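Novice: Letter by letter, the chains look like this.
Protein chains: 2
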Amino acid sequence: TLAAPAIAQSNPKITWRIASSFPKSLETIYGGAPDLAKMMSEATEGNFTLQPFAAGEIVPGLQAMDAASSGTVEAAHTVGYYYVGKDPTWALGSAVPFALNARGMNAWMYHGGGMALYNEFLGKSGLIGFPGGNTGTQMGGWFRKEIKTPADLQGLKMRIAGIAGQVLSKLGVVPQQLAGGDIYPSLERGTIDAAEWVGPHDDEKLGFQKVAPFYYYPGFWEGGPTVHFMFNKAAYDGLPEHYKSLLRTACQATDANMLQKYDYLNPIAIRKLVANGAQLRPFSPEIMQACFDATNELFASIETTNADFKKIWESIKAFRKENYLYTQVADYPFDSFMVSLQRANKL
Amino acid sequence: TLAAPAIAQSNPKITWRIASSFPKSLETIYGGAPDLAKMMSEATEGNFTLQPFAAGEIVPGLQAMDAASSGTVEAAHTVGYYYVGKDPTWALGSAVPFALNARGMNAWMYHGGGMALYNEFLGKSGLIGFPGGNTGTQMGGWFRKEIKTPADLQGLKMRIAGIAGQVLSKLGVVPQQLAGGDIYPSLERGTIDAAEWVGPHDDEKLGFQKVAPFYYYPGFWEGGPTVHFMFNKAAYDGLPEHYKSLLRTACQATDANMLQKYDYLNPIAIRKLVANGAQLRPFSPEIMQACFDATNELFASIETTNADFKKIWESIKAFRKENYLYTQVADYPFDSFMVSLQRANKL
Numbered sequence: 007t008l009a010a011p012a013i014a015q016s017n018p019k020i021t022w023r024i025a026s027s028f029p030k031s032l033e034t035i036y037g038g039a040p041d042l043a044k045m046m047s048e049a050t051e052g053n054f055t056l057q058p059f060a061a062g063e064i065v066p067g068l069q070a071m072d073a074a075s076s077g078t079v080e081a082a083h084t085v086g087y088y089y090v091g092k093d094p095t096w097a098l099g100s101a102v103p104f105a106l107n108a109r110g111m112n113a114w115m116y117h118g119g120g121m122a123l124y125n126e127f128l129g130k131s132g133l134i135g136f137p138g139g140n141t142g143t144q145m146g147g148w149f150r151k152e153i154k155t156p157a158d159l160q161g162l163k164m165r166i167a168g169i170a171g172q173v174l175s176k177l178g179v180v181p182q183q184l185a186g187g188d189i190y191p192s193l194e195r196g197t198i199d200a201a202e203w204v205g206p207h208d209d210e211k212l213g214f215q216k217v218a219p220f221y222y223y224p225g226f227w228e229g230g231p232t233v234h235f236m237f238n239k240a241a242y243d244g245l246p247e248h249y250k251s252l253l254r255t256a257c258q259a260t261d262a263n264m265l266q267k268y269d270y271l272n273p274i275a276i277r278k279l280v281a282n283g284a285q286l287r288p289f290s291p292e293i294m295q296a297c298f299d300a301t302n303e304l305f306a307s308i309e310t311t312n313a314d315f316k317k318i319w320e321s322i323k324a325f326r327k328e329n330y331l332y333t334q335v336a337d338y339p340f341d342s343f344m345v346s347l348q349r350a351n352k353l
Numbered sequence: 007t008l009a010a011p012a013i014a015q016s017n018p019k020i021t022w023r024i025a026s027s028f029p030k031s032l033e034t035i036y037g038g039a040p041d042l043a044k045m046m047s048e049a050t051e052g053n054f055t056l057q058p059f060a061a062g063e064i065v066p067g068l069q070a071m072d073a074a075s076s077g078t079v080e081a082a083h084t085v086g087y088y089y090v091g092k093d094p095t096w097a098l099g100s101a102v103p104f105a106l107n108a109r110g111m112n113a114w115m116y117h118g119g120g121m122a123l124y125n126e127f128l129g130k131s132g133l134i135g136f137p138g139g140n141t142g143t144q145m146g147g148w149f150r151k152e153i154k155t156p157a158d159l160q161g162l163k164m165r166i167a168g169i170a171g172q173v174l175s176k177l178g179v180v181p182q183q184l185a186g187g188d189i190y191p192s193l194e195r196g197t198i199d200a201a202e203w204v205g206p207h208d209d210e211k212l213g214f215q216k217v218a219p220f221y222y223y224p225g226f227w228e229g230g231p232t233v234h235f236m237f238n239k240a241a242y243d244g245l246p247e248h249y250k251s252l253l254r255t256a257c258q259a260t261d262a263n264m265l266q267k268y269d270y271l272n273p274i275a276i277r278k279l280v281a282n283g284a285q286l287r288p289f290s291p292e293i294m295q296a297c298f299d300a301t302n303e304l305f306a307s308i309e310t311t312n313a314d315f316k317k318i319w320e321s322i323k324a325f326r327k328e329n330y331l332y333t334q335v336a337d338y339p340f341d342s343f344m345v346s347l348q349r350a351n352k353l
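Those protein sequences? They're chains A and B, same order as listed. All letters in the first sequence, in the order written, are residues 7 to 353 by the numbering used here. All letters in the second sequence, in the order written, are residues 7 to 353 by the numbering used here.
Don't read these hints as lab results, they were simulated from the structure. Bear in mind the structure is a predicted one, so any value in this text is a computation, not a measurement. Each hint can be trusted.
Partial chain A-side listing against chain B, Cβ under 8 Å, derived:
| # | residue |
| --- | --- |
| 1 | Asn-112 |
| 2 | Gln-258 |
| 3 | Pro-273 |
Built from N, CA and C at the ideal position, the CB exists for glycine as well.
Using the sequences and the hints given, assemble the complete structure.
Specialist: Below you can see the structure in the form of structure tokens.
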């Protein structure tokens with residue numbers, strides 16, 4: 007009969023592996039991969055299976071993209087800025103200093119041409135990517151001593167990577183590369199002076215406030231970092247059309263869900279952290295301004311030699327201007343009033 | 007053979023109708039229904055079809071929920087606050103004055119127990135609902151004259167509905183019910199003094215700035231209104247499990263997508279509106295404070311007699327307090343600095 011092949015055609019058995027850049031202990035950001043897997047499996051009655059592997063299980067976390075690019079795995083759940091060592095353009099699909107907040111990033115990605123531009127770049131590595139999570143604005147990190155002016159950054163040994171590290175090094179910071187598990191003992195011994203990790207919910211698990219109590223905000227280098235699902239393009243192109251569509255839908259749902267989860271968990275965590283000794287400090291306007299200037303200088307220099315970077319950064323910059331003009335008559339004044347009520351203890 | 011029944015089991019043919027509360031001309035908010043339909047159809051190779059009908063095609067826009075409740079249609083794409091005439095609790099799943107912004111609403115809905123609480127209430131009408139869009143903070147509307155103090159609201163005839171209308175009426179506003187198409191001529195003739203519609207992208211189509219040039223912000227009664235897909239519960243319960251899961255995934259993707267689209271389109275529209283004569287004005291702190299007080303008074307009174315309202319509102323209030331505490335060390339200071347750069351013309 008014709009029936010049997012029609013079944014095979016309809017929901018073919020497919021098993022993919024997702025290499026995650028994250029450890030299972032960061033269950034919110036790691037959780038994007040099992041969330042996607044659950045949605046895909048349920049919608050196809052178990053026929054399209056994605057198996058998530060934590061950082062280190064197949065490849066080290068910072069090689070997840072490479073594993074998908076080479077076809078070792080079909081998918082990576084990772085963050086573009088981990089790969090800036092290859093090309094700074096990688097960072098533009100995730101977060102760069104003083105760019106967009108989470109909503110701005112999503113608006114640009116899904117409707118402002120961002121996804122198409124970034125995929126043009128990812129295609130050169132045999133990948134196609136879809137947003138797969140966001141943390142919201144991260145924290146600026148944990149400091150053993152207060153820093154008040156740009157001069158206080160001079161010689162500061164800070165665990166911070168990528169473009170943010172390059173920007174801060176222009177102000178005298180000495181960026182350090184350290185795995186998650188080494189941060190606490192290094193802060194305790196004073197071999198580093200500061201460290202950035204993620205945000206309250208994730209930071210709370212590591213107890214940094216005991217060894218570096220000053221908790222600075224905002225993490226201006228990550229206003230709304232996009233986490234990505236990056237798929238091996240040949241594997242994606244080989245899917246039946248209805249699986250491709252379902253995968254895009256499930257990625258968009260997973261993407262939204264991660265931010266929703268962080269937005270629920272971070273408020274709880276920040277209260278606990280403060281109760282346990284964290285001292286909240288804002289970066290001073292002088293420090294923010296100096297870092298903004300350093301960022302512009304760095305990007306202007308990259309743009310002179312990197313056409314991919316220039317093309318995408320110009321698109322982000324154009325939308326950034328519109329985004330922060332508009333927010334002044336919409337969410338920002340609403341939030342300002344609500345924050346004023348919160349401060350007056352009226353909520 | 008066994009194959010034929012297996013096909014039928016796998017992706018059964020289902021055709022549902024979605025009654026939308028919106029006209030096709032508001033393509034962004036109306037677009038949620040065709041977006042969902044496209045995702046569902048594509049993922050099931052055309053087997054699960056949802057047919058969207060604009061307001062008035064099957065039932066009037068403000069009866070979409072009733073049509074899904076009674077089973078006239080299987081689904082409604084609507085906003086809870088349209089039904090406050092039946093019970094003010096309907097509004098709590100969408101937006102009430104001085105509650106949550108879009109991210110806060112999503113955090114509460116998906117991870118803070120909001121969806122379960124609201125569905126307990128919707129269940130009484132034979133419905134189950136999932137968020138299906140958000141506009142972000144809306145505008146406060148169009149005014150023929152400037153309003154500066156609460157006294158200026160006295161006797162003001164404003165097109166505004168629901169709980170916001172009740173709050174403003176405590177300050178002397180006379181709420182008016184008018185269909186979308188009647189707003190412009192009424193403002194022009196002066197039979198009303200002010201009107202709220204949605205936000206820049208939707209408002210721009212109607213040309214209000216020509217007859218009521220003062221465009222106030224923020225729409226404090228809609229900090230982050232959730233649009234809903236409401237399904238007839240018996241129809242939803244009758245779906246195979248994999249269709250249920252797929253529907254939830256596609257609703258979450260559609261929900262995110264609407265906000266992403268508004269966040270891209272509104273900045274473009276606000277610039278055009280100002281170029282065409284709209285004069286932006288913030289509501290004064292005095293007016294905001296007076297409306298906040300009036301809201302608290304109204305809600306305290308509703309809570310004394312409405313247990314459903316009280317249960318859900320207490321949950322929103324508890325999260326609101328945490329949300330606006332946390333945002334002060336995360337997105338809010340990041341946005342503040344970016345807004346300051348925008349104002350200084352440095353972006």
